[in-house]
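There are 2 protein chains.
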Amino acid sequence: MPGEFDLIQRFLACFPKARVPVGPGDDCAVLAPSKGALCVTTDAVVEDVHFTRATFSPGDIGHKALAVNLSDLAAMGATPRWFVCALALPKDFPARHLSALGRGMAALATAHRIALVGGNFTSARELSVTLTATGELSHPPITRAGARPGDRLYVSGTLGDARLGLTQLQAGLRRGSAVRRQRRPEPRVALGRLAARFASAGLDVSDGLAQDLGHLCAASKVGVALELERLPLSPAVRAALGPEGALKGGEDYELLLAIPPSKAPAFERACARAGEAVTAIGVLTREREWALKDGSGRLLTPPGGFDHFARSSRQILADD
Amino acid sequence: MPGEFDLIQRFLACFPKARVPVGPGDDCAVLAPSKGALCVTTDAVVEDVHFTRATFSPGDIGHKALAVNLSDLAAMGATPRWFVCALALPKDFPARHLSALGRGMAALATAHRIALVGGNFTSARELSVTLTATGELSHPPITRAGARPGDRLYVSGTLGDARLGLTQLQAGLRRGSAVRRQRRPEPRVALGRLAARFASAGLDVSDGLAQDLGHLCAASKVGVALELERLPLSPAVRAALGPEGALKGGEDYELLLAIPPSKAPAFERACARAGEAVTAIGVLTREREWALKDGSGRLLTPPGGFDHFARSSRQILADD
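Protein sequence lines, in the order shown, are assigned to chains A and B.
Each residue of the first sequence is one higher than the one before, counting from 1 in full-length UniProt numbering.
Each residue of the second sequence is one higher than the one before, counting from 1 in full-length UniProt numbering.
One should not assume that every hint holds.
[Unchecked claim] Which chain B residues face chain A? A few, computed with CB under 7 Å, are given here:
id	residue
1	13
2	37
3	41
4	122
[What the hints assert, rightly or not] Going by beta-carbon spacing under 8 Å, a handful of chain A positions derived as facing chain B:
id	residue
5	75
6	117
7	126
[Unchecked claim] Residues of chain B placed beyond 10 Å of chain A at every Cβ, according to the derived structure:
id	residue
8	16
9	42
10	50
11	97
12	118
13	123
By construction, these hints were calculated from the structure, which means they are not laboratory data.
Glycine included, each C-beta is placed from N, C-alpha and C at the ideal position.
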């Protein structure tokens, strides 16, 4: 394995040069934010917890490590700006795989105009990539608190595909859209920035809609009436998991947004103009409990119970 | 092992509440920097690479993980402000050890007035703590580039103690000042802020003085005449390692500073007033090579050769 400095150079070579006062190579990067408030998030992907080297290419790992962080910035309505990358590399990790990991990360970074400004390399028994990403806010941030009874609940894209993709990878499949959603999630950065003008609350769906909706309800002190039949599902997910399976999802990296009813029409028009797919899936309620309804409005599960949704696919992987 | 949310609450309970627009618990933290430029750094400590659970208490691990990041902020002359903490925890890591790790980190954070604003938990086979720390600059940053021939070279504190402490830990010792330097390094934050008014270049000594001085010389395009006899050594290091061993050091977390000769007297006076121990150890030179001199000015090693100093104690640990 080449020396640490060779590895750093090889990795940095994948990325465009950051336009910051001080970039990689010093003790710290120096940033010159143009606006007042900054968002910061940190998230890691760990071998045999979030991916295996048998089912993810190095480029997939690099993409996903950045995507999960960008998704957190998207969930606040922030514009991605800078990130730092801490890599823990096993001794048997080939230098060419490091470059491929860097290229996978750099392609997504370039698409979202976020600059790598620093990082750290260490050896470790298992491969892990821990990123910290920073974004700028031009609106007040979208937090989990702030939703009110009566707000409409929207979710972007489709749910459950990444969970289905995980099952398919474990069964030996290596292609298809569900597998792609598992390996190469697309953070909803543009939608987050758009939604910042409308949303009373929101977050990204990383642990499954049921669990993440629970976080929103708890932080906003509201309940929810969710229309199960309205959940946006791909035909493959509808057939394989159904809506209840998609609720448990995990790693969707879609945005879940609460929109005040007065703003809902303008939000829907803005999404249509921007080509952002969002679906209204329910309404937030004063009663701090859950109601799951089918197409005819019938209650499907007793209110109050969403603990049985709490195991996400991430945790299922972690327990493997 | 308790659930992820219990663990997060247990860890957060160790820290004072961060005074930021949005703190831990949302998708991102939101920061409101008061000044223009920010410094950001990321550094990790990994089990069996940077520490073992047999020789470091959980509190030591928490302290050291933050200390190595604060040292990078100190090296830029920044004022610590906010950090995020990504923890990778083995399943057998007891919850009470997590609290002890948090308390060790929180004590140092409180001492340096840096606030924990967010983080991430994941399971992993080995324990690792990856922090990203941000500081504010009230002066231009101290970078590695910018030193000029004729600048005086200063180093803070004493060198080699942490390396000696590592040897002692490996030999079964569990007490003493060298062991404490290895487990609980004290980042030179106040000195870094003071030095920002005087230094032409600087960095923290994390990989051994020889290697880190090499970085400064390369970035500033200068050479150095180093007076070996002037290296500040504790009696224990002088006896066990001697100055050449201390040069290879590793994990000293002292600051190495280049000060223009016109500013050197004022710098020394300011350090004396502030109670910061610094020692003049040499002069930077136009010839881009190294001269190591003994007390009588005699050349000790052929110039140009510091590659044989390149193995740091971190790398020695990593190769174990």
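So, going through the hints one by one against the coordinates:
no.	hint	verdict
1	13	18 Å, violated
2	37	5 Å, holds
3	41	4 Å, holds
4	122	5 Å, holds
5	75	4 Å, holds
6	117	7 Å, holds
7	126	6 Å, holds
8	16	18 Å, holds
9	42	4 Å, violated
10	50	7 Å, violated
11	97	19 Å, holds
12	118	6 Å, violated
13	123	4 Å, violated
The structure fails hints 1, 9, 10, 12, 13 (numbered hints given earlier, in ascending order).
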